[in-house]
Amino acid sequence: MTQLNEYTGNFELEFERPLTALERQIDELEAQSDPNRSATGLDPNVDLGSEIRKLRQSHTAMLKKIYKGLAPGNTVKVARHPGRPQAMDYIHAFVKDFTELHGDRQFGDDHAIRCGFGRIGPHKVLVVGHHKGKDTADKIKANFGCAHPEGYRKALRCMKLAEKFGLPVVTLVDTPGAYPGIGAEERGQAEAIAVNLREMARLKTPIVSVVIGEGGSGGALGIGVADKLAMLEYAWFSVISPEGCAAILWKQATPQTNADAAEALKLTARDNLKLGTIDDIIDEPLGGAHRRPSMMADRLEQYLVQALRDLKRFKIENLVNKRYNRLRSIGEMSE
Amino acid sequence: MTDAKTTPSPATRPINGPANWQTPPEKKQAVPEGLWMRCPSCEAMLYKKAVEQNLHVCPECEHHYRIHAEDRIDQLVDPGSFEPLWEDLGPTDTLGFVDRVPYKDRIVKEQKKTGHKDALHAGRAFIKARGVVLAVMDTRFMMASMGSVVGEKITRAIELGTKEDRPVIVVSASGGARMQESSLSLAQMAKTSAALARLDDAGGLFISVLTDPTTGGVTASFAMLGDLILAEPKALIGFAGPRVIANTVRQELPDGFQRAEFLQEKGFVDRVVHRKDLRNEIARLIDYAGK
Chain A
1 MTQLNEYTGN FELEFERPLT ALERQIDELE AQSDPNRSAT GLDPNVDLGS
51 EIRKLRQSHT AMLKKIYKGL APGNTVKVAR HPGRPQAMDY IHAFVKDFTE
101 LHGDRQFGDD HAIRCGFGRI GPHKVLVVGH HKGKDTADKI KANFGCAHPE
151 GYRKALRCMK LAEKFGLPVV TLVDTPGAYP GIGAEERGQA EAIAVNLREM
201 ARLKTPIVSV VIGEGGSGGA LGIGVADKLA MLEYAWFSVI SPEGCAAILW
251 KQATPQTNAD AAEALKLTAR DNLKLGTIDD IIDEPLGGAH RRPSMMADRL
301 EQYLVQALRD LKRFKIENLV NKRYNRLRSI GEMSE
Chain V
1 MTDAKTTPSP ATRPINGPAN WQTPPEKKQA VPEGLWMRCP SCEAMLYKKA
51 VEQNLHVCPE CEHHYRIHAE DRIDQLVDPG SFEPLWEDLG PTDTLGFVDR
101 VPYKDRIVKE QKKTGHKDAL HAGRAFIKAR GVVLAVMDTR FMMASMGSVV
151 GEKITRAIEL GTKEDRPVIV VSASGGARMQ ESSLSLAQMA KTSAALARLD
201 DAGGLFISVL TDPTTGGVTA SFAMLGDLIL AEPKALIGFA GPRVIANTVR
251 QELPDGFQRA EFLQEKGFVD RVVHRKDLRN EIARLIDYAG K
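Keeping their order, the protein sequence lines are chains A and V.
Note that the first sequence covers residues 1 to 335 in my numbering.
Note that the second sequence covers residues 1 to 291 in my numbering.
Quick caveat, the hints were computed from the structure, so don't treat them as lab data.
Heads up, a few of these hints could be off.
[Stated by the list, open to error] Here are a few chain V residues that face chain A, going by a calculated C-beta distance under 7 Å: (1) His63; (2) His64; (3) Leu85; (4) Asp88; (5) Gly90; (6) Thr94; (7) Phe97; (8) Asp99; (9) Leu184; (10) Lys191; (11) Thr219.
Keep in mind that this is a model prediction, so the values were computed, not measured.
Positions of the beta carbon are idealized from the N, C-alpha and C atoms, including for glycine.
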């Protein structure tokens, strides 16, 4: 098990800019109060400690205020923060003995979806997760989390194994969408996703899915049909990315139309809970998962342990029926 | 999504006159008003009645035009046998979705234009005396995008087929999931696919007919789950739209990419079937695969 590190890079969210100045101030004062870092030496007449405490308090207050009124377009930005923990981070943090399984036995091994056996708390499970990649080479190899048909087919192959051997399935969804490319179409992107939807709907083992970052369209749903579908607080989940929606309905994707589309699509965790398309929201640490990845990992682990415990209580036929009724009931119309 | 171009006034296109080579041909035009039309594929001037009598297929080049759901139903079923169901199901604007036009207004406009509540017609019917449940999408209504109503009616059709042991036939044509209902639309993909799992478990037959265009969330759910998948010639069938793909990969798309014949070549369509043969083929397949 590895401890997840906080983000130390210099990527800055635009709406967090007021915080950055405060953070710099705190950092400077801390440097001054540290005899090893101070350039001028310590001044015994100045109580830097209380000054730092005060600044920290106002930092926290400001952070709370920003995240309380976070616009949907900014939620999408948090969900895409480069320091946001990814599926493999969570797997390293709390899945014991993770044993990765590769390939769809048909075409190849898609790095945008990772699968493997492992233990979460007391539960032996199959874990499936989108992989966006950490450094540039890794990101390119993983197509930035945009899976090809072989990724969905690998996931299904592994889920069928889980069904056969009585292991529950945990999926961690994090993709802007399935890859729109020539090879993907030639190899049946639509068919691969469609088959996953049908087979996951009748898989005779419990399934828990959590949208940990981006829940983009069919590419997300392709591993997201579940008994329980949850979202992290600042994840997004929608039929299309705000940029794609803006390009079609607003005829152009600009920062403004992207934000308008994000607003219109009701893609936040809270909106999805209201629409009935998800079952639970897992709270993030103040200021997003990237600020306290280890705390986020603990909360996600706790949620999964509890959800698996709840689902394992059902007789499998009842669970599959319940899953059907859950999927069946979604939709709003007049009659 | 594509918008049909407006019909040019007769003044710019003389009826029965010589081909007007001074103005560019109406490229995207499907079935304009008036007596004559120009085929968007081979650009031949065609007598509209003759095209209609030819099942809306170009007599010159066999180009299959997009057709209204009513015409499709007439072409497929035994005369008078279609018994429409769930016609009162209508869309609601749960999200309060506003882009350049509020969804609420779009719904009213599209309903007025088509005389229907949404983009899918479903019901019991007979095809050459074989009882079926038939669902047909109509691209006139918001490009037949799938929102809650389309998803619900497809699901009900599949459930009815499962219950009454009738083959389920769905004729798809769609721009994909309906953005204005966001994740509710997305959920319809899972819902319809789950219903097909039950039909499959019950040993029922599902024939999916893909027509121009079948894309996005519709292709990536029920449309690609047919026990048997038929497609009309040259129909555009895909997950992502060609423009999105061209923008992503930044290279020329191969000839015939995402057309019905291409999908048959790649192994994702059982048969490309000419419109005039569709009714016969469906009936024959039911005899082999139906209960």
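Cross-check of the supplied hints:
no., hint, result
1, His63, "violated, 23 Å"
2, His64, "violated, 21 Å"
3, Leu85, "violated, 12 Å"
4, Asp88, "holds, 6 Å"
5, Gly90, "holds, 5 Å"
6, Thr94, "holds, 4 Å"
7, Phe97, "holds, 5 Å"
8, Asp99, "holds, 4 Å"
9, Leu184, "holds, 6 Å"
10, Lys191, "holds, 5 Å"
11, Thr219, "holds, 4 Å"
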